[in-house]
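Visitor: Sequence:
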Amino acid sequence: MPDTQAAARGLVFALLAAPLLAGAQPASAASFDCRKPDLAADEQAICQNPQLNDMDVKMVTTFDLLSGLLAMGARGDMQDQQIKWLGQRGECQGNLDCIAAAYAVRMAELTSIYEGLQRPK
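Residue 115 in my numbering sits at position 117 of the sequence shown, with consecutive numbering throughout.
Derived from the structure by calculation, the hints contain no laboratory data. A couple of the hints might just be wrong.
As the list claims (entries may be wrong) - No farther apart than 25 Å at their CA atoms in a straight line, the calculated lysine to aspartate or glutamate pairs in the DMTMM-like style are these:
1. Lys34 / Asp62
2. Lys34 / Glu89
3. Lys119 / Asp78
4. Lys34 / Asp52
Unchecked claim - Okay, the calculated beta carbon distance ranges per label pair:
5. Gln116 / Gln42: 34 to 44 Å
6. Pro118 / Gln77: 32 to 42 Å
7. Asp31 / Gln79: 37 to 47 Å
8. Pro118 / Phe30: 29 to 39 Å
The beta-carbon is built from N, C-alpha and C at its ideal position, and this holds for glycine as well.
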């Protein structure tokens, strides 16, 4: 069982550091390469908008940290939800408000998963 207090500190640190790291790497969002020529419309919008790029970095960092904390079955469920969410984000095309709302919903879902983790007593 992972040390959940250490994991929580790591999650908090990652969430605080993510915007700083995103600002240092404007050519690339955390979950895909912005230099690829065949980016979807939502990915292009994320690459061109620093706020959306920061939201992407925060979401991916949170997702990756949670992946390390969850048991295999729950991790698989979260990965399936992520694939579904990526499809929903893609439906936004280049609509910045829609993409931002999609990130807000996904972060709320990931936060709920984190808050539901069993912790030692």
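Visitor: Are Asp31 and Gln79 spaced within 37 to 47 Å by their CB atoms?
Guide: 23 Å, violated
Visitor: Using the beta carbons of Pro118 and Phe30, state whether their distance is inside 29 to 39 Å or not.
Guide: Since Pro118 and Phe30 have Cβ atoms about 36 Å apart, the given range 29 to 39 Å holds.
Visitor: Could you see if the CB distance from Gln116 to Gln42 stays within 34 to 44 Å?
Guide: 40 Å, holds
Visitor: Using the beta carbons of Pro118 and Gln77, state whether their distance is inside 32 to 42 Å or not.
Guide: 25 Å, violated
Visitor: Given the hint that Lys34 pairs with Asp52, test it: the Cα-Cα distance must not exceed 25 Å.
Guide: 19 Å, holds
Visitor: Mind checking the alpha carbons of Lys119 and Asp78 for me, to see if they're no more than 25 Å apart?
Guide: Roughly 30 Å between the alpha carbons, so the hint for Lys119 and Asp78 is violated.
Visitor: For a C-alpha distance cap of 25 Å, please report whether Lys34 and Asp62 respect it.
Guide: 22 Å, holds
Visitor: Given the hinted pair Lys34 and Glu89, is their alpha-carbon gap at most 25 Å?
Guide: 20 Å, holds
Hints 3, 6 and 7 from the earlier list are contradicted by this structure; the remaining hints agree with it.
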